[in-house]
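Number of protein chains: 2
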Amino acid sequence: MRCYHDNDYHIQIMTFQKEIDIFDYFIMSKGLKQSGQRRDILKTFLKTEKHLTADELFRLVKKKNPSIGVATVYRTIKLICDCGLGRELRLDNDSVRYEHFFNHDHHDHLYCTDCGELTEVVDREIEKLQQKLAKKAGFKMQGHRLIIHGICRKCS
Amino acid sequence: MRCYHDNDYHIQIMTFQKEIDIFDYFIMSKGLKQSGQRRDILKTFLKTEKHLTADELFRLVKKKNPSIGVATVYRTIKLICDCGLGRELRLDNDSVRYEHFFNHDHHDHLYCTDCGELTEVVDREIEKLQQKLAKKAGFKMQGHRLIIHGICRKCS
DNA sequence: TTATCTGCAAAGCCTTTGCACTTAG
DNA sequence: CTAAGTGCAAAGGCTTTGCAGATAA
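Note that the protein sequences, when read in sequence, are chains A and B. Under the working numbering, think of the first position of the first sequence as 1, with each following residue one higher. Under the working numbering, think of the first position of the second sequence as 1, with each following residue one higher.
Treat the hints with care, as some may be off.
[Claimed, not checked] Only pairs whose alpha carbons sit at most 30 angstroms apart, straight line, appear in this in silico BS3-like list of lysine-lysine:
#1 B/LYS128 x A/LYS135
#2 B/LYS50 x A/LYS136
#3 B/LYS33 x B/LYS47
#4 B/LYS64 x B/LYS43
#5 B/LYS18 x B/LYS63
#6 B/LYS128 x A/LYS136
#7 A/LYS62 x A/LYS30
#8 B/LYS50 x B/LYS64
#9 A/LYS62 x A/LYS50
#10 B/LYS140 x B/LYS30
#11 A/LYS50 x A/LYS154
#12 B/LYS140 x A/LYS50
#13 B/LYS135 x A/LYS50
#14 A/LYS135 x B/LYS50
#15 B/LYS136 x A/LYS154
#16 B/LYS33 x B/LYS62
#17 A/LYS136 x B/LYS135
#18 B/LYS132 x A/LYS132
#19 A/LYS78 x B/LYS154
[To be verified] Pairwise CB distance ranges, derived in the manner of DEER restraints:
#20 B/PRO66 x A/ASP21: 56 to 62 angstroms
#21 B/PRO66 x A/HIS104: 50 to 56 angstroms
#22 B/LYS33 x A/LYS62: 46 to 52 angstroms
#23 A/HIS104 x B/CYS115: 26 to 32 angstroms
#24 A/ALA71 x B/LEU118: 27 to 33 angstroms
#25 A/HIS106 x B/GLU49: 29 to 35 angstroms
#26 B/GLU49 x A/ASP21: 45 to 51 angstroms
#27 B/THR53 x A/ALA71: 23 to 29 angstroms
#28 A/GLU127 x B/LYS154: 23 to 29 angstroms
#29 A/HIS104 x B/GLN142: 23 to 29 angstroms
#30 A/HIS104 x B/ALA71: 38 to 44 angstroms
What the hints contain is simulated information worked out from the structure, not anything from laboratory work. Predicted, not measured: the structure shown is a model, and the values here were computed from it. Even glycine gets a Cβ: it sits at the ideal position worked out from N, Cα and C.
Assemble the whole structure, with the sequences as input and the hints as a guide.
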């Protein structure tokens, strides 16, 4: 699998080495054990540029490793989020989906209520104002979720 | 039941007449029928200043009308949201909660990851920037959800 | 009158858990 | 060697649905 790097247009093979290291270190530091299944799940997750449900991820990993069980995927995706490589998204009227941060900076979402498409966006100024708002309320901010609902260009 | 009005400190009886009218009109215009259960559920919902799960709402309504069934509450809370008197909230690691808009302007939430408390906040400037952001992306904005996670004053 | 609503219980999802077996460290 | 991981199937929550009787319009 290949990818363009925005900054240098250099084609490189995606090894996810950095992410695997983070995952390995996390597992190790918690006194847990690494496994082939866990690595397969992580790689498939990072490789997929979609917001997946646990079950969708399970079906994808199954192609590479047919003996895998759903429970392992559910257990592993939580670990992946715990170590900071991904996070849960809870969209309305839908089950939980997961997204990873490989080659994605922090971002918010535009959600089309018509076609269901999710677009990633960032606005530095909104981010700053959120910090200010939290501070004013005496909140030690850890993060945020912003979803803007509407009708996308294609659907309107 | 009584309440203070922020603006005039005038004590008044809460009849929710305006909200009941909105609800009635919605029901009627969809060719549906009104019922005592639906009104009980709406009133209990509006009266409660907490973000309730459907089941919590069910338990509250049961006190007033012991013969009510859960299914009716699930069915009715959806109608209440559809007619614009409330909305769903999906917090992480928690089931769906509902909030109403009686005496509440549009707001966002600060969520304390320690004690779970939800605080309502508004920032006009953030709202404006969101509009701008949506517009720039060719989005016809309908609404948004913003939750800021962190540690509240009490917990830090 | 008749289409809708209701409570009940059963069914459906998604997710977690208990278990016996396997495996990493 | 031993604590942790795995797949499976069963169990758990929460929510929806089918149904027969009740009820609003």
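Results of checking the hints against the structure:
1. B/LYS128 x A/LYS135: Judged against 30 angstroms, a Cα distance of about 20 angstroms means the pair holds.
2. B/LYS50 x A/LYS136: holds, 23 angstroms
3. B/LYS33 x B/LYS47: Roughly 23 angstroms between the alpha carbons, so the hint for B/LYS33 and B/LYS47 holds.
4. B/LYS64 x B/LYS43: holds, 11 angstroms
5. B/LYS18 x B/LYS63: holds, 24 angstroms
6. B/LYS128 x A/LYS136: holds, 19 angstroms
7. A/LYS62 x A/LYS30: Between A/LYS62 and A/LYS30 the Cα gap is close to 27 angstroms, so the pair holds against 30 angstroms.
8. B/LYS50 x B/LYS64: Given pair B/LYS50, B/LYS64 holds - Cα atoms ~18 angstroms apart, limit 30 angstroms.
9. A/LYS62 x A/LYS50: holds, 17 angstroms
10. B/LYS140 x B/LYS30: Satisfied, since the Cα-Cα distance of roughly 26 angstroms is no more than 30 angstroms.
11. A/LYS50 x A/LYS154: holds, 19 angstroms
12. B/LYS140 x A/LYS50: holds, 23 angstroms
13. B/LYS135 x A/LYS50: Measuring from Cα to Cα gives roughly 24 angstroms; hence the hint holds.
14. A/LYS135 x B/LYS50: holds, 24 angstroms
15. B/LYS136 x A/LYS154: holds, 14 angstroms
16. B/LYS33 x B/LYS62: At roughly 21 angstroms apart (the allowed maximum being 30 angstroms), B/LYS62 and B/LYS33 satisfy the hint.
17. A/LYS136 x B/LYS135: With a Cα-Cα distance of about 28 angstroms, the restraint between A/LYS136 and B/LYS135 holds, given a limit of 30 angstroms.
18. B/LYS132 x A/LYS132: Holds - the C-alpha atoms of A/LYS132 and B/LYS132 are around 19 angstroms apart, at most 30 angstroms.
19. A/LYS78 x B/LYS154: Holds, at roughly 28 angstroms.
20. B/PRO66 x A/ASP21: 56 to 62 angstroms: Distance hint for B/PRO66, A/ASP21 holds at roughly 59 angstroms.
21. B/PRO66 x A/HIS104: 50 to 56 angstroms: Once the Cβ atoms are compared, 52 angstroms apart, the range 50 to 56 angstroms for A/HIS104 and B/PRO66 holds.
22. B/LYS33 x A/LYS62: 46 to 52 angstroms: holds, 48 angstroms
23. A/HIS104 x B/CYS115: 26 to 32 angstroms: The hinted range 26 to 32 angstroms holds for A/HIS104 and B/CYS115, with Cβ atoms some 31 angstroms apart.
24. A/ALA71 x B/LEU118: 27 to 33 angstroms: holds, 32 angstroms
25. A/HIS106 x B/GLU49: 29 to 35 angstroms: holds, 33 angstroms
26. B/GLU49 x A/ASP21: 45 to 51 angstroms: holds, 48 angstroms
27. B/THR53 x A/ALA71: 23 to 29 angstroms: holds, 26 angstroms
28. A/GLU127 x B/LYS154: 23 to 29 angstroms: holds, 25 angstroms
29. A/HIS104 x B/GLN142: 23 to 29 angstroms: Since the Cβ atoms of A/HIS104 and B/GLN142 sit about 25 angstroms apart, the hinted range of 23 to 29 angstroms holds.
30. A/HIS104 x B/ALA71: 38 to 44 angstroms: Holds - the Cβ-Cβ distance for A/HIS104 and B/ALA71, about 41 angstroms, lies within 38 to 44 angstroms.
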